[in-house]
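Student: Assemble the whole structure, with the sequences as input and the hints as a guide.
So you can see what is in the structure, the chains are spelled out below.
2 protein chains.
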Amino acid sequence: MEQPVGRRGTRTIDVMTAIRAKVASRALGPDDRLPSIRAFAKTMGVSPSTVVEAYDRLAAEGLIRAKQGSGFYVSASALPPLVLAEKLPPTERAVDPFWVSRQSLDADSAALKPGCGWLPPDWMPHEALRRALRAIARADNAVLSDYGSTRGSFTLRRLLMGRFAEEGIELSPDQLLLTASGTQAVDLICRFLLRPGDAVLVDDPCYFNFRALLRAHQVKIASVPYTPSGPDIASFEAILAAERPRLYLTNSALHNPTGATLTAQAAHRLLNAAAAHDLTIVEDDIFADFEPEPSVRLAALDGLNSVIRIGSFSKTLSASVRCGYIAARPDWISDLLDLQVATSFGGPSPLATELIASVLSSGSYRKHMEELRRRLARVRRETAGKLQHIGIEPWLMPRGGFYLWCRLPDGCNSADMARASLADNVVLAPGNVFSASQTAASFMRFNVAQCDDPIVIDVLQRTIGKSCPSNC
Amino acid sequence: MEQPVGRRGTRTIDVMTAIRAKVASRALGPDDRLPSIRAFAKTMGVSPSTVVEAYDRLAAEGLIRAKQGSGFYVSASALPPLVLAEKLPPTERAVDPFWVSRQSLDADSAALKPGCGWLPPDWMPHEALRRALRAIARADNAVLSDYGSTRGSFTLRRLLMGRFAEEGIELSPDQLLLTASGTQAVDLICRFLLRPGDAVLVDDPCYFNFRALLRAHQVKIASVPYTPSGPDIASFEAILAAERPRLYLTNSALHNPTGATLTAQAAHRLLNAAAAHDLTIVEDDIFADFEPEPSVRLAALDGLNSVIRIGSFSKTLSASVRCGYIAARPDWISDLLDLQVATSFGGPSPLATELIASVLSSGSYRKHMEELRRRLARVRRETAGKLQHIGIEPWLMPRGGFYLWCRLPDGCNSADMARASLADNVVLAPGNVFSASQTAASFMRFNVAQCDDPIVIDVLQRTIGKSCPSNC
Numbered sequence: 001m002e003q004p005v006g007r008r009g010t011r012t013i014d015v016m017t018a019i020r021a022k023v024a025s026r027a028l029g030p031d032d033r034l035p036s037i038r039a040f041a042k043t044m045g046v047s048p049s050t051v052v053e054a055y056d057r058l059a060a061e062g063l064i065r066a067k068q069g070s071g072f073y074v075s076a077s078a079l080p081p082l083v084l085a086e087k088l089p090p091t092e093r094a095v096d097p098f099w100v101s102r103q104s105l106d107a108d109s110a111a112l113k114p115g116c117g118w119l120p121p122d123w124m125p126h127e128a129l130r131r132a133l134r135a136i137a138r139a140d141n142a143v144l145s146d147y148g149s150t151r152g153s154f155t156l157r158r159l160l161m162g163r164f165a166e167e168g169i170e171l172s173p174d175q176l177l178l179t180a181s182g183t184q185a186v187d188l189i190c191r192f193l194l195r196p197g198d199a200v201l202v203d204d205p206c207y208f209n210f211r212a213l214l215r216a217h218q219v220k221i222a223s224v225p226y227t228p229s230g231p232d233i234a235s236f237e238a239i240l241a242a243e244r245p246r247l248y249l250t251n252s253a254l255h256n257p258t259g260a261t262l263t264a265q266a267a268h269r270l271l272n273a274a275a276a277h278d279l280t281i282v283e284d285d286i287f288a289d290f291e292p293e294p295s296v297r298l299a300a301l302d303g304l305n306s307v308i309r310i311g312s313f314s315k316t317l318s319a320s321v322r323c324g325y326i327a328a329r330p331d332w333i334s335d336l337l338d339l340q341v342a343t344s345f346g347g348p349s350p351l352a353t354e355l356i357a358s359v360l361s362s363g364s365y366r367k368h369m370e371e372l373r374r375r376l377a378r379v380r381r382e383t384a385g386k387l388q389h390i391g392i393e394p395w396l397m398p399r400g401g402f403y404l405w406c407r408l409p410d411g412c413n414s415a416d417m418a419r420a421s422l423a424d425n426v427v428l429a430p431g432n433v434f435s436a437s438q439t440a441a442s443f444m445r446f447n448v449a450q451c452d453d454p455i456v457i458d459v460l461q462r463t464i465g466k467s468c469p470s471n472c
Numbered sequence: 001m002e003q004p005v006g007r008r009g010t011r012t013i014d015v016m017t018a019i020r021a022k023v024a025s026r027a028l029g030p031d032d033r034l035p036s037i038r039a040f041a042k043t044m045g046v047s048p049s050t051v052v053e054a055y056d057r058l059a060a061e062g063l064i065r066a067k068q069g070s071g072f073y074v075s076a077s078a079l080p081p082l083v084l085a086e087k088l089p090p091t092e093r094a095v096d097p098f099w100v101s102r103q104s105l106d107a108d109s110a111a112l113k114p115g116c117g118w119l120p121p122d123w124m125p126h127e128a129l130r131r132a133l134r135a136i137a138r139a140d141n142a143v144l145s146d147y148g149s150t151r152g153s154f155t156l157r158r159l160l161m162g163r164f165a166e167e168g169i170e171l172s173p174d175q176l177l178l179t180a181s182g183t184q185a186v187d188l189i190c191r192f193l194l195r196p197g198d199a200v201l202v203d204d205p206c207y208f209n210f211r212a213l214l215r216a217h218q219v220k221i222a223s224v225p226y227t228p229s230g231p232d233i234a235s236f237e238a239i240l241a242a243e244r245p246r247l248y249l250t251n252s253a254l255h256n257p258t259g260a261t262l263t264a265q266a267a268h269r270l271l272n273a274a275a276a277h278d279l280t281i282v283e284d285d286i287f288a289d290f291e292p293e294p295s296v297r298l299a300a301l302d303g304l305n306s307v308i309r310i311g312s313f314s315k316t317l318s319a320s321v322r323c324g325y326i327a328a329r330p331d332w333i334s335d336l337l338d339l340q341v342a343t344s345f346g347g348p349s350p351l352a353t354e355l356i357a358s359v360l361s362s363g364s365y366r367k368h369m370e371e372l373r374r375r376l377a378r379v380r381r382e383t384a385g386k387l388q389h390i391g392i393e394p395w396l397m398p399r400g401g402f403y404l405w406c407r408l409p410d411g412c413n414s415a416d417m418a419r420a421s422l423a424d425n426v427v428l429a430p431g432n433v434f435s436a437s438q439t440a441a442s443f444m445r446f447n448v449a450q451c452d453d454p455i456v457i458d459v460l461q462r463t464i465g466k467s468c469p470s471n472c
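The listed protein sequences correspond, in order, to chains A and B.
For the first sequence, the UniProt record's numbering assigns the number 1 to the initial residue and increments by one for each residue that follows.
For the second sequence, the UniProt record's numbering assigns the number 1 to the initial residue and increments by one for each residue that follows.
Calculated directly from the structure, the hints in this document are not laboratory data.
Worth double-checking, as some hints may not be accurate.
One copy or two, either will do: identical chains are not told apart, so a pair holds if it fits within one copy or between any two.
Okay, derived cross-link-like pairs now, BS3-like style, lysine-lysine, Cα gap no bigger than 25 Å in a straight line [said to hold, decoys possible]:
1) Lys386 <-> Lys466
2) Lys42 <-> Lys67
3) Lys67 <-> Lys22
4) Lys367 <-> Lys386
5) Lys386 <-> Lys220
6) Lys367 <-> Lys42
7) Lys42 <-> Lys22
Tutor: Here it is in structure tokens:
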């Protein structure tokens, strides 16, 4: 039975290598149990004592650890760092949730960006921003150099409470927290409520960065098909029962990427299902001010019990002066505040929040939004017409905002088109970056405010001709 | 053997309640294994079938789940949200790592804050900030409203690379990432490298917010005694062997809270020990510009292999215009960049980074720092004298910066004094908020720039008289 030492040494190393490979590929995750000695000896065709020796050596190295009476487990500390994006050559990257962010944030100034998620600089209220900057240049020393209070600018919080009141939500001051951005707000909530391995529900399609963010939290992503009136309620109820998600991340009005608006009936059923399964909902409402008139909101129906509201000013006012907010139960806000102090020290920049407050409180913000809505309604119609002309069909005509979620001509693959268009310095947003189930390959999101240049339609038409077999 | 149904029902509920209490108190954490049926039946004095029924019911509720062949485990999704600070009445809160942040960030403008971690507003370069704001008010539209590139302002990165070169560190552009603040920089690195349950090493004493931040990451905190020449090297080596920490968080020069400076010899031994144990070091260098002349740095000795450098401008320029940075291995910077996009979308505010770049590149920054160092040298001597006069003894006289780490008169408890001084609207920083081992009850950190008002010394003297038994 006993093997020669040299031979046995090699076999021990084989077993160690096999376990190391499982950890490196994450087939075995943090705190996962290793195969039993007996079972793994069989798998590897070695004696149990060889596996014992290999496990002992790996434990001495710190990669795994023994738990008394229950076998060996992967140590958390032995794991490679968190890597989020796929390390693939650029041409294979199209369906990675980071694809649009990378291409659109780091595009050169000559690039055309019908795929990006914001308005062109000249659509933003620069005169108001410049006036606010000149006013801040005369502010108290403390505004220019101090950390500011943990809850953030009182002026801005008071303005926001007024806006909530218009929506029918009576917010007490301890239900509101200013954050560094809308994304940071969602991230804080995820850190507070989620643990690795939890299930989180998103819409399919949904904002691509929800997928990137949830990867960073190492949670399981479940998805519910999105219809023109909101998530498909029957699927929603079935997923809640089957997957028990801890959180549902969604946009109620002017949903990203579809531009759809939740109906009152869907909202009501959705909240009932959530209550039955102890689900918390994050209602990301950053497109609210683009609506022609207010539609139903989960936070307003629920009264901020199991719904958390997120907002920001990056889409309407400035993505450079960043600021977001969270409205939620007071006990949660108090804990979120501690988490923000621990991870950012202090609240958001007083300079940023005072700037936002200054623009919001001037009459110019309402006028700016009216003008934006009018201008967007016009370019939405025009862009939809131009896209339809080349066979790209809007899934629905949104009531507001700047997105058009479109089906491509038969046989077109949006990822292939997006990769091909990069050669023409045109950044597109292919459907599958928005789809957890990867079922949106024939869809694409367009930003109607970024489609003005005729080159966009030219490049699309040329790419359809080249990359879509049925159009050749 | 069979019990009456009613009785058995009660016992099942007892077992369920006992398990729920263990989960609520976190005696059982996420993915922890529950006691075996047989063992818990014995503990609770019930039959195994009662425990089986209780576990089945808890599994149906989603609190626990069965793993085939290996018993029951706590579900991650059933856990209460992450709570960081102790929920205690204010008078019992003194040694909580959030104590100083809460008191100093949210203090009213009349409060005196010898415990706080920043300079008074009138010490900051306001004229330069106001000039920079007026210049930004005339900047391109894109600077005022766009997200900016994922790596952040090119101008600021070029300025920082010049500063690294002066230090003898040749940085390639792909080794530098701008972040929203120094704290956010440390937080990003922790998210990237750490998993819950990892061990992390800090100095004892260390910056209190390192403790708060590490709690948020749910890691185990190990600590090494800090000496006037750096961490105690023998202890450092022993802890590395015993605890295998993944990360060591430290300040090399003008250490917070002691003001001590790492010696070249200590730095060399520390790096060798780190290399032998595959330890990554985060060198938080936010006080660098307060040094009268440069001392040794881990990043410079190591060449950014296993050392990550963090910096910010919150202490020297403005905590309102926040911006920090990370210098590290290019492959890590690339992954950190993805993580920052996922969790903040885009890099730090272009407005903030262009403002910082504008002040740094004007000649006024160097003059401002020279003046600050001169002024601090004077108030450091004066404050040390006044504190010594009332029996409060500096542990060492720092070469620069604004901290004095002091030993209180015999019998004084710094937490008691800090609580008592709140009644006089004076915010102090008691020793144990800085101490992972809770061995600094007789120490206190003073900010010499915030001790100018004679009331500070009066209140200290009165509090010593009242709260310290041996002085009565």
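Student: Against each hint, give a clear statement of whether it holds in the structure.
Tutor: Hint check:
1. Taking the closest pair of Cα atoms, Lys386 and Lys466 come within 25 Å of each other only inside a single copy of the chain (19 Å); across copies the shortest separation is 81 Å, beyond that limit.
2. In the homo-oligomer, the alpha carbons of Lys42 and Lys67 lie at most 25 Å apart both inside one protomer (22 Å) and across protomers (22 Å), since each shortest distance falls under that limit.
3. When the C-alpha separation of Lys67 and Lys22 is checked against a cutoff of 25 Å, the pair qualifies both within a copy, at 19 Å, and between copies, at 20 Å.
4. Neither within a single protomer nor between protomers do Lys367 and Lys386 lie at most 25 Å apart by alpha-carbon distance, with minima of 29 Å and 59 Å respectively.
5. Taking the closest pair of Cα atoms, Lys386 and Lys220 never come within 25 Å of each other, the shortest separation being 39 Å inside a single copy and 59 Å across copies.
6. For the identical chains of this complex, Lys367 and Lys42 are neighbours neither inside a copy (74 Å) nor across copies (72 Å), given an alpha-carbon limit of 25 Å.
7. Within a single copy, Lys42 and Lys22 get their C-alpha atoms as close as 17 Å, which meets the 25 Å cut-off; across copies the closest is 38 Å, which misses it.
Of the numbered hints stated above, those contradicted by the structure are hints 4, 5, 6, listed in ascending order.
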